[in-house]
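First to last, the sequence lines map onto chains A and B.
Residue numbering for the first sequence follows this note's numbering, starting at 1 and increasing by one per position.
Residue numbering for the second sequence follows this note's numbering, starting at 1 and increasing by one per position.
Just so you know, these hints were derived from the structure itself, not from any lab.
Check the hints yourself; a few may be wrong.
[Stated by the list, open to error] Pairs of lysine to aspartate or glutamate, EDC-like flavour, derived with a Cα cap of 16 angstroms:
| # | chain 1 | residue 1 | chain 2 | residue 2 |
| --- | --- | --- | --- | --- |
| 1 | B | K302 | B | D23 |
| 2 | B | K95 | A | E35 |
| 3 | B | K216 | B | D204 |
| 4 | B | K338 | B | D204 |
| 5 | B | K95 | A | E14 |
| 6 | A | K85 | A | E52 |
[Claimed, not checked] FRET-style restraints, in silico, Cβ to Cβ:
| # | chain 1 | residue 1 | chain 2 | residue 2 | range |
| --- | --- | --- | --- | --- | --- |
| 7 | B | N132 | A | E64 | 52 to 60 angstroms |
| 8 | B | I114 | A | E64 | 19 to 27 angstroms |
| 9 | A | G34 | B | R35 | 51 to 59 angstroms |
| 10 | B | Q130 | A | L45 | 41 to 49 angstroms |
| 11 | B | S271 | A | G20 | 50 to 58 angstroms |
Glycine residues also receive a C-beta, built at the ideal position from the N, C-alpha and C atoms.
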Amino acid sequence: MEDFKRILKLQIIEALNLQGMQPEEIDDNGPLFGEGLGLDSIDSLEMIVLMERNYGIKIEDPREGRKIFESITTMAAYIQANRKK
Amino acid sequence: MISPLYIRSARAISAQESFASNDLSKEIRSITGNRFVYIEPNYQQYFTIMQLRRMSRLTRIGLVTAIECLKDAGISQPEAILTGTGKGSLHDTEKFMHAIREFQEGTLNPSPFIQSTYNSLNGLIGLHHQVNSYNTTYVHSGFSLEHAMLDAALLFGDNTIGNALIGAFEEMTDEHYIIKEKLGFWKNGAVSGEGCFFFYAEKDKNGSALAIEDIKLWFEPEENQIRQGLEELLSSHQIDWNDIDVFISGRNNDKRYDHYYNLVADKLPSSTHHIHFKHLSGEFDTAAGFGIWAAARMAEMKRIFPSLLLKEGSRDNIKHILFYNQYYGKQHVVYLMKTTA
Numbered sequence: 001m002e003d004f005k006r007i008l009k010l011q012i013i014e015a016l017n018l019q020g021m022q023p024e025e026i027d028d029n030g031p032l033f034g035e036g037l038g039l040d041s042i043d044s045l046e047m048i049v050l051m052e053r054n055y056g057i058k059i060e061d062p063r064e065g066r067k068i069f070e071s072i073t074t075m076a077a078y079i080q081a082n083r084k085k
Numbered sequence: 001m002i003s004p005l006y007i008r009s010a011r012a013i014s015a016q017e018s019f020a021s022n023d024l025s026k027e028i029r030s031i032t033g034n035r036f037v038y039i040e041p042n043y044q045q046y047f048t049i050m051q052l053r054r055m056s057r058l059t060r061i062g063l064v065t066a067i068e069c070l071k072d073a074g075i076s077q078p079e080a081i082l083t084g085t086g087k088g089s090l091h092d093t094e095k096f097m098h099a100i101r102e103f104q105e106g107t108l109n110p111s112p113f114i115q116s117t118y119n120s121l122n123g124l125i126g127l128h129h130q131v132n133s134y135n136t137t138y139v140h141s142g143f144s145l146e147h148a149m150l151d152a153a154l155l156f157g158d159n160t161i162g163n164a165l166i167g168a169f170e171e172m173t174d175e176h177y178i179i180k181e182k183l184g185f186w187k188n189g190a191v192s193g194e195g196c197f198f199f200y201a202e203k204d205k206n207g208s209a210l211a212i213e214d215i216k217l218w219f220e221p222e223e224n225q226i227r228q229g230l231e232e233l234l235s236s237h238q239i240d241w242n243d244i245d246v247f248i249s250g251r252n253n254d255k256r257y258d259h260y261y262n263l264v265a266d267k268l269p270s271s272t273h274h275i276h277f278k279h280l281s282g283e284f285d286t287a288a289g290f291g292i293w294a295a296a297r298m299a300e301m302k303r304i305f306p307s308l309l310l311k312e313g314s315r316d317n318i319k320h321i322l323f324y325n326q327y328y329g330k331q332h333v334v335y336l337m338k339t340t341a
């Protein structure tokens, strides 16, 4: 799981164009949106695209997305449980 | 006749070392292949990682150029932001279009779409400087920058605003270079270019070194129309050909269009300095911005950049500057400028 979280962080850094940021700088359990990493609504759309393209997961309910994208830990767990590729 | 635009500050990011020094005196950067590529500044001193993630290659240089231009003028909030671009952020446009094709119009990344829109730079400048007043981008090929200038002049003329940030920005990509190559843009000696230019202009003279006194535009004109239009322009300002101290031309090494510039050059006395600039900037829709930046800086520094001289005249005092640029025979632009110092 720890290796997968690192891969996920690298994918997020690339998808969100966070140039110069290292995976170690993202807290596994810290909030991704608002305080913490400080992502916003456009980033959430980028993450939805990332989930669909990389793992075949479609998130259509925004309320569901809010829970999934709470932290790297919640996101990694959801992907592992629902991935289609 | 327009309401004059008094240029208080000018900044350029180009393929030359024009940005950090705001000068063209240093060693001239040679070209690589048939493309001039602009020199990017260090963005880290301007933006955080979180800010940079939402900025494309073009909007980054655009915002940095605008920041420094306003800083030079000591202004934090201009009354209007007016820009012109022929193609806008091509990198993001291509990225978005490739994604449409690759993912068969499915779920697409929003960022390249947002950044590909022509007015994204204006929005960023407005956000950065907290300016929510008049904000417009003109996309009219070789007339783009000129429409931004004209808009400012109109707003000055009816006293809607007293100052404006005016600019132009352009980038070239590998794919777009090939498309233009197939259309014949480079086959006769013209070199591709890109760059970003910003000017802070005021309605009143207040310490400016250069005024844009008039602008004329013609689309696919006959030579006679240009000749007549220039005569009318000069006489409306009570000057004649002998009063022109510097002629700045948009010659781009493509001999098919030299006759337009010769039309003006042949009218001028031998004492007039003849300057060109596309051998340092390359050709693109808004390349005139590089020439206007050079004119503003030369007026401020009271000297002509030797690297721009095509034919040296004998005039010591520079007062009247005539600027003529055309874009592949279609859009023809004339600026009449005057030094004010």
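Here is how each hint holds up against the structure:
Restraint check for K302 of chain B and D23 of chain B: satisfied, since their Cα atoms lie roughly 12 angstroms apart, inside the 16 angstroms limit. Taken as a hint, the K95 of chain B and E35 of chain A pair is broken in the structure, with Cα atoms around 30 angstroms apart against an allowance of 16 angstroms. Simply put, K216 of chain B and D204 of chain B have alpha-carbon atoms about 21 angstroms apart, too far for the 16 angstroms limit, and the pair is violated. About 14 angstroms separates the Cα atoms of K338 of chain B and D204 of chain B, which keeps this hinted pair within 16 angstroms; it holds.
Of the supplied pair hints, the one linking K95 of chain B and E14 of chain A holds, its CA atoms being roughly 15 angstroms apart against a limit of 16 angstroms. For the hint linking K85 of chain A to E52 of chain A, the alpha-carbon distance of about 10 angstroms falls within 16 angstroms, and the restraint holds. Range check, N132 of chain B to E64 of chain A: about 36 angstroms between beta-carbon atoms, so the 52 to 60 angstroms window is missed. Taking the beta carbon of each, I114 of chain B and E64 of chain A are about 24 angstroms apart, inside 19 to 27 angstroms as hinted.
The given range of 51 to 59 angstroms is broken by G34 of chain A and R35 of chain B, whose C-beta atoms sit roughly 43 angstroms from each other. Taken as a hint, the range 41 to 49 angstroms is violated for the pair Q130 of chain B and L45 of chain A, whose Cβ atoms sit roughly 26 angstroms apart. Checking the proposed 50 to 58 angstroms range against S271 of chain B and G20 of chain A shows it holds: the Cβ atoms sit about 55 angstroms from each other.
In the structure shown, a violation is registered for the earlier hints numbered 2, 3, 7, 9 and 10, in ascending order.
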